[in-house]
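Residue strings, one per chain:
There are 2 protein chains.
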Amino acid sequence: MTRTRFSGVLVPVITPFNDDLSPNAGAFVSHCRWMLDQGVDGLAIFGTTSEANSLTVAERKMLLEALLENGLPAGKLMPGTGACSIMDAADLTAHAVSRGCGGVLMLPPFYYKAVDTDGLFASFSEVIERVADQRLHVYLYHIPPVAQVPIGLDLIERLVERYPDTVVGLKDSSGDWANTQAILDGFPGFATFAGSESFLLDTVRGGGAGCITASGNANPAGIRKVYSAWAEGSGKADDLQARISQIRNTLQGYPMIPALKAMTARFTGDDDWALTRPPLTALSDGQVASLMADLEAIGFDIATNGDCVTA
Amino acid sequence: MTRTRFSGVLVPVITPFNDDLSPNAGAFVSHCRWMLDQGVDGLAIFGTTSEANSLTVAERKMLLEALLENGLPAGKLMPGTGACSIMDAADLTAHAVSRGCGGVLMLPPFYYKAVDTDGLFASFSEVIERVADQRLHVYLYHIPPVAQVPIGLDLIERLVERYPDTVVGLKDSSGDWANTQAILDGFPGFATFAGSESFLLDTVRGGGAGCITASGNANPAGIRKVYSAWAEGSGKADDLQARISQIRNTLQGYPMIPALKAMTARFTGDDDWALTRPPLTALSDGQVASLMADLEAIGFDIATNGDCVTA
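Protein sequence lines correspond, in order, to chains B and C.
Going by the numbering used here, the first residue of the first sequence is number 8, and it counts up by one from there.
Going by the numbering used here, the first residue of the second sequence is number 8, and it counts up by one from there.
Wrong hints could be hidden among the right ones.
Identical copies carry no separate label here, and so any pair may be met within one copy or between two of them.
[Said to hold, decoys possible] Derived pair list, reagent style SDA-like, types lysine to any residue, alpha-carbon separation capped at 25 Å:
| id | residue 1 | residue 2 |
| --- | --- | --- |
| 1 | K120 | Q259 |
| 2 | K120 | S29 |
| 3 | K83 | G214 |
| 4 | K120 | G293 |
No wet-lab data here; the hints were simulated from the structure.
Just chain B, with the same shape it has in the complex:
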């Protein structure tokens, strides 16, 4: 059985909460549908941006079921299923595969630090063997600034050699282009995604698959345009890349997850979107005002979410 590999622009979806901090499945479904309507190629639900590790296993499954019950296409979904416990990771991964998800994005177990490659290989291997489903496509999730447990080139090599039809790609959120370049050079054909749209053109020109980027929650169409321009060989790609990088740089002046939630609260008119689960904290009123002013200064119109397609 052949499965399509992801490519293009994927978004790690922010997770909405009610004021008792329970997940708001309705708002989640609406936001996911809106982003697909804006043309993104997939939804990396339950990533870092999604506060996924602040959710229980049951909450993650419930939110995935809500998307499917509401008709969102499973093949466009790449849920995060990594966890500190290989048993939780196997459980979440088996659930995602059973529901037809196009792939999963898998963190390494991230509690113990300075673990060796043998231990990390065994972690991924145990999950893959326990799920034991040929439909499974694993995208490795390298995010050393947060997880503090890296996925090195040696580990990628061992996993790809052992599971060539299963371990098919990686998201590189190191922010270190030299590392992305090394993966692109070392693993041609591997679906390598940059963790920020700032590297989108560089990644696809280097043979990578695209990007999986938090700011796609606020600017999905603008980011997708860069990919389209590149795919069509348009001369506009570099100018469009400069524009999305400008927006990204503005966002990076703020804590990214609360900033995206504040923008979505403003865009949708639903103040609850600004809520985060502890340990994350929402932007202060002052930070929100400053962010909105910064966006306005670069011509990003929050009322229509910037460069987005409007009806």
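Fit chain C to the known structure of chain B by using the hints.
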């Protein structure tokens, strides 16, 4: 309702696995009972040494239930209940309190790094408020080398001020005596535990409560003797401290958790005790031989587990 606060020597219990990596409840109960028989003052089940973050929520509950069903005293148990998700932490904490555990040892949520004190305060506060049980005693778990999310003096101060009858102590696994000293000085009456027996005498002499130490899995009686000697005002305390520090230093030449499991496998004759869950890896045969030789060289007899009381 008044609850006793823990003091003395507590052990973060290693967790035994079967060869399919499921937890072995029978071996867990036996090991816990043996340590209490050796005189330790409490069992900090589900700590870092216990590979607790490699367990699911359900597995942790099952193991706690197994101890209680087998007659171990709930008041002597201090389960680790911290988690990345405040909902998991609240669930585990409520379960422990409902079963009469003497307290819980609580990690901060440890996925996001560089979170602020407001966010960490909100995390602990949400758990305490959701559990909403006056019997709850929280011991904060400061282990920055692993969690990478510290519990600073400012956070302790805010929590103790807000929850004086609930947040009653802390385990300091920073390995930084200056930090322990600052907590002892800043919070007299707080039940402060060193995270290593190397600091046991210094901690109790400074007004602290004792230690919660991994090596108690292998040398419980020897470590407890130091506490007894101090409590009785015996002149032998410093010599006994020097001895347990020598054993600790020997163990620290090896990855601590696999080393303790290898020693327990040798002591019990049950090879499965050496098993770890990924990402941790068992000691190699060469490492085991080297560890045993190092222990023999300092006169620690593995056949009787060193300085332990024998029947």
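### Message
Tell me the numbers of any earlier hints that the structure contravenes, in ascending order.
### Response
none
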